[in-house]
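So the protein lines, in turn, are chains B and L.
UniProt numbering puts the first sequence at residues 1 to 164.
UniProt numbering puts the second sequence at residues 1 to 396.
The set of hints was computed from the structure by calculation and includes no laboratory data.
Some hints could be false.
Pairs of lysine-lysine, BS3-like flavour, derived with a Cα cap of 25 Å [unchecked claim]:
no. : chain 1 : residue 1 : chain 2 : residue 2
1   : B       : K46       : B       : K28
2   : B       : K128      : L       : K76
3   : L       : K76       : L       : K310
4   : L       : K310      : L       : K354
5   : L       : K76       : L       : K32
6   : B       : K128      : L       : K32
7   : L       : K222      : B       : K128
Here are some of the chain L residues that sit facing chain B, going by a computed Cβ distance under 10 Å [claimed, not checked]:
no. : residue
8   : N6
9   : F17
10  : P298
Non-contacting residues of chain L with respect to chain B, defined by C-beta distances greater than 12 Å in every case (computed) [unchecked claim]:
no. : residue
11  : P20
12  : H94
13  : Q127
14  : Q142
15  : N179
16  : G199
17  : D227
18  : N260
19  : R266
20  : S300
21  : R322
All C-beta atoms in this analysis are idealised placements derived from N, C-alpha and C, irrespective of residue type, glycine included.
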Amino acid sequence: MSDPANITLVTMDGTTFTVPSAYLHRSKLVQDWLRSEGDKQAMEVKHVTPFVLQGVLNFCEIHAEDTSEPLADPADPTKPFEADPRDDAFRGMPDDQLLQFTMAADILQIPELVRLTAQEMASRIDGKSPDQIRAMFNPDDLAEEDVDSDNEMGEVGEEGAISK
Amino acid sequence: MTTLTNLYPELLDNIVFFLPPTDLIHLSYTSKHFHHFIHPVRIWSRAFQHLASCENVPPSLDLSTATRSDILHEVKRIICRERNWRRGLVTRVHDVPARMGVINQLTVDGSSLVSVGVASNYLQLWQLPELVLQQEFLAPIQYRLVAVAVSSENNVVVAGTQAGPVYVWPIGGEALNRNRRTLHGHTDRVGCLEFLRDGTGRIVTGSWDRRVIVWDVTAGAKLEEFDTGRQILGMHLHGSVLQTFHTDARVTRYSFPDLNILYSHRLPARGKSRARVGVGDAGLFFCASGNRRGVCYPLSGPSWEIDAPKQIGAASLDGLHRRVVVLTEMCKTVEEAARVWSFGMGKEGLVPLKATDEQVERVLRCNLWGDIIALAVVDGGIVVGTEYGRLVMLEF
């Protein structure tokens, strides 16, 4: 039986991180794991690199003391996003790293971090022209296609149910 | 390598959630993948909802009653207008006589536009988008009005004078002397006026007497006073940040209301060229110095610099859509003088206006034989005041 106050996480390449479990109280994945399989030695977090996990744990440590209500949905229109100066580490990060954090946050189910990284990504797209946005992606992935949306806007499929 | 294109949809959805409609359009233009992703009505209705929840934005659509076709129609409208803005394509022009000589300044709030002439003691209130004259306001004859602001929310018009007093008129009331309120405090030209957009009816004024004063308009009381040490040419207050632009081309950013200096620097200027314009909207602040150069300061992130082909005489900006329209001096017609600059377009992004057909061309040229010095960006286009006292609205 592992120490209940600490939790050990193992990444894809076998690197282990041991942190107080209180840090991860916002991660639904970790909480579920503690409830069902908390007696095991270590929790495997496949698909996450050590570097990214370290960053995620740093974020969790910074916010361990936060008492704000947990977010149910990262895209909750009723809760305005407020930038926190403690999260400035995410501001200067390269795009692909930032997206890796978004994915890791999604895997670990930490809505606050998903929201933070998604907002940062959105602010990078914000105010850019289509060409500049295109340059942000891997250019090989994209054939330049000028989509004439005026003609297509009339034919929206059935997936477009209005959320009220 | 992780990029936006191979991110799975649920996560992309989270990112897209934070984008305002204009950026959604830009993203959807980049590839078929994004075009199809952004297509659903659900994303658009959410974007409008998000937009409406941001402060200071009138909802373009009532989402509680809007049907699917309403939303699609609105999307189409935004897309068309955004495209025309980027190309500088004018779709409609109309003009009205203003009967006030050379128009010095235009200010807009929602659907109200106020205009004031050079060396005149009265101002006019217009209703947009059709430019219908609603009311005229008169100050004592010895005072020339140099700056105006309107708040449709509080139903008042305020004007700063050459000599210092600031006048307040209620909209809709009779233009009588007893209806007018005077705010005494400044001792020199009051060139900047701005409403605090928090519904409290407070205004900030900046003057050549180097002071910034916060007033309670309804009570007519001075709330706070602050000496910047330099003559103030332009000023913008947004949330907890106050930005000022001074006659020596210095830009300063203060925290508000405690007024600590956050940063301060001088715009690059050559020789004796002076500061020209300082305007702000929704957190964006645009300053231009005498050597054809303008710098735009967003609340966060790096500033943008633009080089105009000629000296910038006036500027107006739309902070929400992140656009700046500048008027260059010594140009005879609006198409030559007005240039639209949208964020992220770089230095070469100053787009001159284009008129679509002969008729529009003719209207554009009519009555425009001098410099235009007044300009306002309104919802859907720009309004310019011409030297021969006409207000011309160019819609995109």
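Cross-check of the supplied hints:
For a cut-off of 25 Å, the pair hint linking K46(B) to K28(B) stands: about 16 Å separates their Cα positions. As the CA atoms of K128(B) and K76(L) are separated by approximately 20 Å, the hinted pair is consistent with the 25 Å bound. Our distance criterion of 25 Å between C-alpha atoms is broken by K76(L) and K310(L), whose separation comes to about 35 Å. A threshold of 25 Å between alpha carbons decides the hint, and for K310(L) with K354(L) the separation of about 18 Å falls inside it, so the pair holds.
A distance of roughly 18 Å separates the Cα atoms of K76(L) and K32(L); the hinted pair therefore holds under the 25 Å criterion. For a cut-off of 25 Å, the pair hint linking K128(B) to K32(L) stands: about 18 Å separates their Cα positions. Distance check on the hinted pair: K222(L) and K128(B) sit about 42 Å apart at the alpha-carbon level, beyond 25 Å; violated. The closest approach between the C-beta of N6(L) and any C-beta of chain B is roughly 7 Å, which is under the 10 Å cut-off, so the hint is satisfied.
The closest approach between the C-beta of F17(L) and any C-beta of chain B is roughly 4 Å, which is under the 10 Å cut-off, so the hint is satisfied. The beta carbon of P298(L) is positioned within 10 Å of a beta carbon in chain B (closest approach about 8 Å), and the interface hint is therefore held. The Cβ of P20(L) does not lie farther than 12 Å from every Cβ of chain B; its closest approach is about 7 Å, which violates its non-interface assignment. For H94(L), the shortest C-beta to C-beta distance to chain B comes to about 25 Å, beyond the 12 Å cut-off, and the non-interface label holds.
Every beta carbon of chain B lies more than 12 Å from that of Q127(L), the smallest distance being close to 31 Å; the non-interface claim holds. For Q142(L), the shortest C-beta to C-beta distance to chain B comes to about 46 Å, beyond the 12 Å cut-off, and the non-interface label holds. Every C-beta of chain B lies more than 12 Å from that of N179(L), the closest at about 39 Å, which supports listing it as non-interface. Look at G199(L): its CB is around 17 Å from the nearest CB on chain B, clear of 12 Å, so calling it non-interface holds up.
No Cβ of chain B approaches the Cβ of D227(L) within 12 Å, the least distance being about 30 Å, so the stated non-interface status holds. For N260(L), the shortest C-beta to C-beta distance to chain B comes to about 16 Å, beyond the 12 Å cut-off, and the non-interface label holds. With a closest Cβ-Cβ approach of about 25 Å to chain B, R266(L) is found to remain outside the 12 Å limit, as its non-interface label requires. Some Cβ of chain B comes within 12 Å of the Cβ of S300(L); the nearest lies about 8 Å off, and the non-interface call is violated.
At roughly 5 Å from the closest C-beta of chain B, the C-beta of R322(L) falls inside 12 Å, breaking its exclusion from the interface.
When each numbered hint is compared with the structure, violations occur for hints 3, 7, 11, 20 and 21.
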